[in-house]
Amino acid sequence: MIDRLAAALKRSRADYTEIRVERTWSTAVTYRGRRLESATASEDQGGFVRVLHAGRGWGVASFTSLDQLESMVARAGELSRAVSVDPPIRLADVAPQRAEAALDLDGDVRGVALADKKRLIEAYNGAMLGVSDRIVDTLAIYRDEVSEYWYVNAQGAALHELRPEVTLSGTAVARRDGTIEKGLESVGLRRGWKSAQDHESGFRAAAERAVALLDAPMVRGGTYPVILDPELAGVFIHEAFGHLSEADFVYENPQAREMMTLGRRFGKPVLNVGDNGAALGLRGTLPFDDEGTPTQDTALIREGILVGRLHSRETAATMGERPSGNARALSFRHPPIVRMTNTYIGNGKGTFDDLIRDVTLGVYACGAFGGQTMLENFSFTAAYGRMIRDGHVAELVKDVVLAGNLFQTLDRIDHIAGDFRWNQMGGGCGKAGQSPLPVTEGAPHVRIEEALVGGDVPA
Amino acid sequence: MIERLLEVARRRADGGADALWRRVERTSVAFEWGRLKAAGATEEAGANLRVRHRGRVGVAGTTAADVPPDDLVTRALASAELGEEIDLGFPASRPPGSPLPSISTFFDRAAGASLDALIAMGRSLLERLEREGCQVNVAIDRETAQVRVANTSGGAAEYASSGVAVSVDVWRIAGDDVLAVGDSAETADFPGDDVLAALVASVNTRLDRALRIVAPPEGALPVVFTPSGLSPLMLPVTQALSGQAVLQGISPLGGKVGERAFDARFSLADDPLRAGRPSSRPIDDECVTSRRTALVERGIVRGFIYDLETAARARTQSTGNGERGIFGKPVPGYTNLVLGVGGPVPGGAASALGGGLLKDIRDGLLVDELIGVGQGNVIGGAFSHPVALAYRVERGEITGRVKDAAVAGNAYELWNRVGAFGNDARWAGSRWASSVLLEGVSVARR
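Those protein sequences? They're chains A and B, same order as listed.
Heads up: the first sequence begins at 11 in this note's numbering, then just goes up one per residue.
Heads up: the second sequence begins at 947 in this note's numbering, then just goes up one per residue.
Don't read these hints as lab results, they were simulated from the structure.
One thing to keep in mind: the hints can contain errors.
Said to hold, decoys possible - DEER-style ranges, computed between Cβ atoms:
{"id": "1", "chain 1": "A", "residue 1": "331", "chain 2": "B", "residue 2": "1077", "range": "28 to 34 angstroms"}
{"id": "2", "chain 1": "B", "residue 1": "1033", "chain 2": "A", "residue 2": "143", "range": "41 to 47 angstroms"}
{"id": "3", "chain 1": "A", "residue 1": "401", "chain 2": "B", "residue 2": "1123", "range": "36 to 42 angstroms"}
{"id": "4", "chain 1": "B", "residue 1": "1077", "chain 2": "A", "residue 2": "81", "range": "57 to 63 angstroms"}
{"id": "5", "chain 1": "A", "residue 1": "312", "chain 2": "B", "residue 2": "1248", "range": "43 to 49 angstroms"}
{"id": "6", "chain 1": "B", "residue 1": "1054", "chain 2": "A", "residue 2": "143", "range": "36 to 42 angstroms"}
{"id": "7", "chain 1": "B", "residue 1": "1202", "chain 2": "A", "residue 2": "442", "range": "35 to 41 angstroms"}
{"id": "8", "chain 1": "B", "residue 1": "1159", "chain 2": "A", "residue 2": "126", "range": "56 to 62 angstroms"}
{"id": "9", "chain 1": "A", "residue 1": "307", "chain 2": "B", "residue 2": "1159", "range": "50 to 56 angstroms"}
{"id": "10", "chain 1": "A", "residue 1": "96", "chain 2": "B", "residue 2": "1159", "range": "50 to 56 angstroms"}
{"id": "11", "chain 1": "B", "residue 1": "1159", "chain 2": "A", "residue 2": "122", "range": "42 to 48 angstroms"}
Owing to the predicted nature of the structure, the values given are computational and were not obtained by experimental measurement.
Each residue gets a CB set at the ideal place from its N, CA and C atoms; glycine is no exception.
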């Protein structure tokens, strides 16, 4: 395949051409309630070409029929020539990589019978259903894939990779009369069949939480000291800060560049943030990004100060910085854009108890239903919460939605514990119509001195 | 292609089969921060096959054009082997004399538009949106598709469609204040000047009103949700009106057909036969002829949307809402959602912001976009979101944009506290709605 792609590259008359081809085998088994909804095996394949003529814009083409490879290279060339751009697009230098990089398949899912995958997720689904009569519905999904990946570019890069992925997800819905609550379990790893084993307890806990939430009051809206558990702290840093550190937001916008000037203070000295696409076996891990740049551990905030950002080759060239291996594409249907990989808050000191000891009234926000950023404003929804009263964890509360302004909130992080862990959740990140891109986050317990918690507002 | 698939499937699956083949071509241009940066082309084709064998249903899909039909059928049968039994029938061909509904889905002017025409449209939008201290992104996608659906009961249909999607957003960053105002228009035909003018006016009006920042109000207040701002109120309702949720026992509207659950002025229908809309189609992805489905009429729940499988399980008929990708099985999905207060509402391209609902508000909010809609326990109806774009309304007038405020409530309760519907109905994506004034919405500030 690499030879075929290299031959197509040679015929391109553009100044820069790159070609990606992917062939993905995937299986998915879904249970809804007691019913197996579907069990399918799919094969998806296609290619992507991106072309740049000097002084012109990007010409891109994607296609499912590989017979069209040569004609789509030509078509992308025409599209590039149709677009004139001034000042011209430049790409930062990256030493061309040539690699055969099969990630650890960890029990190749392609060798496991669909019936075995069905049995596995059936057991996890059963663990949720067995918790209580109050569990009226479940959704349990097993999904795996192995993607064979080829990448070449005109500067001599040639990559061949095997990328595995396995995700398990469970939703348990508990109901009593008009009250409906849910609990989520999610596991997502760039690994294989072995890592999909032994997850019953997580699924059971999700169902137990949904049932417990039926009796929980809605958190009373207002401002509180808030402690984020590592899972939610990870989602928080991804949503509240990670997206702003993506250089495609700032690189051509002078006001945004000013707002995100390196050296600006974003937090207290306890705060360290980074993004590490090279960490082992995590959901956002890859040896190279989709421009052939090696992934790396990039420091973004060091001791409260902005020190770096995430780049593609184009954004790095424009800003005079170095590519960081963050140009990622969801699939051959999409161009690479600047994305996060495994984003983290660095470890602090002490324990969870140290964070709550002097809190008279606060909220311990745990787990994540989701989050969204609108640049300086963000919102994220905890799976559940507990009140903190007089230095102790107290009653369960629901509908804990944290809303805030990035700059104020980061600056209010005043204590970070020493209990860092990576999230191993499935799901993913959405941007510019490319969703869900596999990413993950990691963090220790984090305290925000004061944050707005949405909830019941007294009239 | 799917005829051969079905031929093989008929021999090997005792309960029949159906299939969908879809070919899509897309051309797109993207202007980033005021400059044309990229042009793209996509060509994609694939087939999805469903079989029923020994009472069990299985599916398989592929984008590989060279897959032998036997292989795909084998994969679908393997999927069926694990499946649960279901009494699924495939709709036969229509009797002679009952043609497909005549709905135009393909427009030559859209399908034939050159790359230069798309670029010219983008440049014209850029010019009209340009303003000091702001930067503009414009994306234009033109898509044509061919769809063929068929089954072993003799059902078969083919149609072509076209669509143009134009989206614009304007960014203004001043210090640490980030303001983004955007809008989009999706049409089956090439959009006329009226469509583009409405898009420009929509963005400019909301931007002009957003330049001044004022303190948010607080308490239980009258709040006007614009057509696009309605999402947190509509999402729970559309989830609850899906036959899938009803079957699973998680729909708060499940047992309520014939009962009043909403304000008597609230009506909602799914309408795949709306002229000129890219979501319109003469037939669904499972060979069921398209028709309008009343979901709520004057506050009374009338029905739910179903595809073939959820209908079979619920012992009812498909409403023609089968939606099918290349991979996976069909699911019930909406086409065009029409929120109406009875008859057709005049579109208000030139209407003022708020649809005429602001004049009696002494102190309240106008909400255009919230952050995080769709997170959390949506179907239960409760929501709580910070504002992305909202304005304070005082003594009947917009006084400025509010930041650092959150809006909360329960969709089902609020739909029983409707003050009035506005006169500014329009399409927001595939939803047709006007602005709505709701009373007693919780507004919190920091």
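Evaluation of the provided hints:
The beta-carbon spacing between residue 331 of chain A and residue 1077 of chain B, approximately 30 angstroms, falls within the hinted interval of 28 to 34 angstroms. Range check, residue 1033 of chain B to residue 143 of chain A: Cβ separation about 28 angstroms, and the 41 to 47 angstroms hint is violated. Residue 401 of chain A and residue 1123 of chain B have their C-beta atoms about 38 angstroms apart, which keeps the hinted 36 to 42 angstroms range intact. The supplied range of 57 to 63 angstroms is broken by residue 1077 of chain B and residue 81 of chain A, whose beta-carbon atoms lie about 42 angstroms from each other.
For residue 312 of chain A and residue 1248 of chain B, the Cβ-Cβ distance of about 60 angstroms falls outside the hinted range of 43 to 49 angstroms, so the restraint is violated. A beta carbon spacing of about 59 angstroms between residue 1054 of chain B and residue 143 of chain A contradicts the range 36 to 42 angstroms that was offered as a hint. The hint said 35 to 41 angstroms for the Cβ distance between residue 1202 of chain B and residue 442 of chain A, and at roughly 39 angstroms that hint holds. Take residue 1159 of chain B and residue 126 of chain A: their Cβ atoms lie about 59 angstroms apart, and the range 56 to 62 angstroms holds.
Take residue 307 of chain A and residue 1159 of chain B: their Cβ atoms lie about 39 angstroms apart, and the range 50 to 56 angstroms is violated. The given range of 50 to 56 angstroms is broken by residue 96 of chain A and residue 1159 of chain B, whose C-beta atoms sit roughly 35 angstroms from each other. Checked against the given bound of 42 to 48 angstroms, the beta carbons of residue 1159 of chain B and residue 122 of chain A, roughly 57 angstroms apart, lie outside it.
The structure does not agree with the numbered hints 2, 4, 5, 6, 9, 10 and 11 stated previously, though it agrees with the rest.
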